[in-house]
Amino acid sequence: MRALGPSDFLFLIEAARWTILLSLSAFIGGGIVGAFIALGRVSERKWLRWLSIGYIQLFQGTPLLLQLFLVFFGSDMLGLALGPWVAATLGLSLNAGAFLGEIWRGCIQAVPRAQSEAGQALGLHYLPIMRRVVLPQALRLAVAPTVGFLVNLVKSTSLTAIIGFVELTRAGQQLNNTTFRPFTIYMTVAVIYFLLCWPLTLASRKLERRMNVAYRR
Amino acid sequence: MNYTFHFADVWAARQELADGAWLTVQLSAVSMVLSLTIAVFGALARTSGPKWLRMIVASYVEFIRNTPFLVQVFVIFFGLPGMGLRLDANTGALIAMVLNGSAYTIEIVRAGIEAVNHGQIEAALALGLHRLQVFFKIVLPQALRAVFAPLGSQFILLMLNSSIVSVISADELTAAAQDIQSRTFRSFETYIVTIVIYLILSISFSAVFALLNRLFFPKLERS
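Heads up: the sequence lines are chains V and B, in that order.
Numbered by the working numbering, the letters in the first sequence go through residues 1 to 217 in order.
Numbered by the working numbering, the letters in the second sequence go through residues 1 to 223 in order.
Where hints are given, some of them may not hold.
As the list claims (entries may be wrong) - Pulled a few chain B residues facing chain V out of the computed Cβ check, cut under 8 Å:
1. 71
2. 74
3. 87
4. 89
In case anyone wonders, no lab produced these hints; they're calculated from the structure.
For every residue, glycine included, the Cβ atom is placed at its ideal position computed from N, Cα and C.
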C-alpha cells in the first residue's frame, strides 16, 4: 500500500481520453447502425419493419455486458482476432444502434404525415421525400434526445473494462491494485465520469427546452 | 468457419443457470419495490420539501444518473469496507441496485407529480384534506398512472443492469454463466443461452407490468 500522489490522479485523467475516444467511435458506429434501423422501422416494406423491431427488441431486451461478451468471445471463436478496440467499438455500436434507431424513429414519425403526402402529391419518390422533406425536419427534433443518449453511451463504455479494454474504469482498477485505496480512487473515477456526462445532460435539457418553446403555438 | 457447437456442457449446468436466473429475478423485484418506495418519498421531498432537502435530493439524482453503474458498484462494494462497513456480495449488489434505481425512479415519479393538474390539488385542499393526504390520495395515484409506462421500461433496464453486479460475484445469472464458461471453456454457447434467458426475463417483466397496469389503472371512462 502506498499513498496516492498527484501523478496517480493525472493517470486517471489521462485514461479518460480513451473513454472519450471510445464513446466517439461507438457514437459514429451506432449512428450508422441506428440510421438503418430507424429507416427500416418506418419503411413501407413489412419485412424490413419486422427485422428492425426484432433487432431493437434483441439489443434493448438483453444486457449490454452479455452483448460485449458475445462479440468478444464470438469473434474469437470465428477465428477473427479482433483487438480490444475493435471488439469494444463493435459491441457498443451494435447496442447504441438499437437505442438511436428507436429515438430517431420517434423523430421521423413526429414529422406530420401531411408533409410526406404533400411530397407524394408533387410527384416525388420515396428517397427525395425522405432526404429533402422528412429527414431535415426530423433532424431538428432529434438533436436533444441524441445528446441525452450520449450520456448513456459514455457511461456504457465503462463496461468494456470487464473485457479488458483499458479506459477510465479499468485504469481505476489498475491503480487500486497497486495502491489499494478503493474509496478515493473509485470516487475520483466517478467524479471524472460526472464531469464528462453532466455538461451533456445540461445541454440536452437546454436544447429540449428551446425546442419546446419553438414548437409551442 | 469450422467450429462445432457443443451445448451439452451448458445443458449439464442448467440447474446453475436456473438458480442464477432466479436470483436475478429476486434481486430485480426487491430493488424495484424498494426503489419505488424510496422514489415516492424522494419525489415528494424534491417537489415540496424545504429548499435544502430539495437540493440534496437533486444532487443525489444528478450524481447517480451521470456516473456509470459499474463504478457505483465498485465504490459501494470495495470503497465502503474501508470505512468499516463490510458487505457480502449479494447485499452489496442489492444496495447498489436500489441506490441506482431510486435515482432514476425519483426523476420519473417527479415528472408524474408535476403533470398532475393543479386544480386537483386545490379542490382537495378546499375539501379540507391535509397536505399529506392530498399527496398520497390525490396526487400520487394520478402521477403513477401517468408514468407507469416509463417506470416499467426503467425497471427492465434495472433488471438488465443487474448483470453488472456479477463483477463482485453476486450469485446471479451472469456470474453463473461466467462460472460455467470458465469451467467448460464453452464461452460462446454459455453466453448465447444466457442472453436468451435474459431476453425471456425482460419480455416476461414487460408482460407483468402490462398486467399490473391494467389491474391498478383500468381505463378511465371518458364522457
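| Interface hint compliance - residue 87/B to chain V, C-beta minimum distance less than 8 Å | Status violated, d = 13 Å.
| Should the hint that residue 89/B touches chain V count as held when the rule is a Cβ pair under 8 Å? | 15 Å, violated
| task | Verify the interface restraint on residue 71/B: the C-beta must sit less than 8 Å from at least one C-beta of chain V. | result | 5 Å, holds
| chain V contact restraint on residue 74/B - CB to CB distance below 8 Å | Since the shortest Cβ distance to chain V is 4 Å, the answer is holds.
Hints 3, 4 from the earlier list are contradicted by this structure; the remaining hints agree with it.
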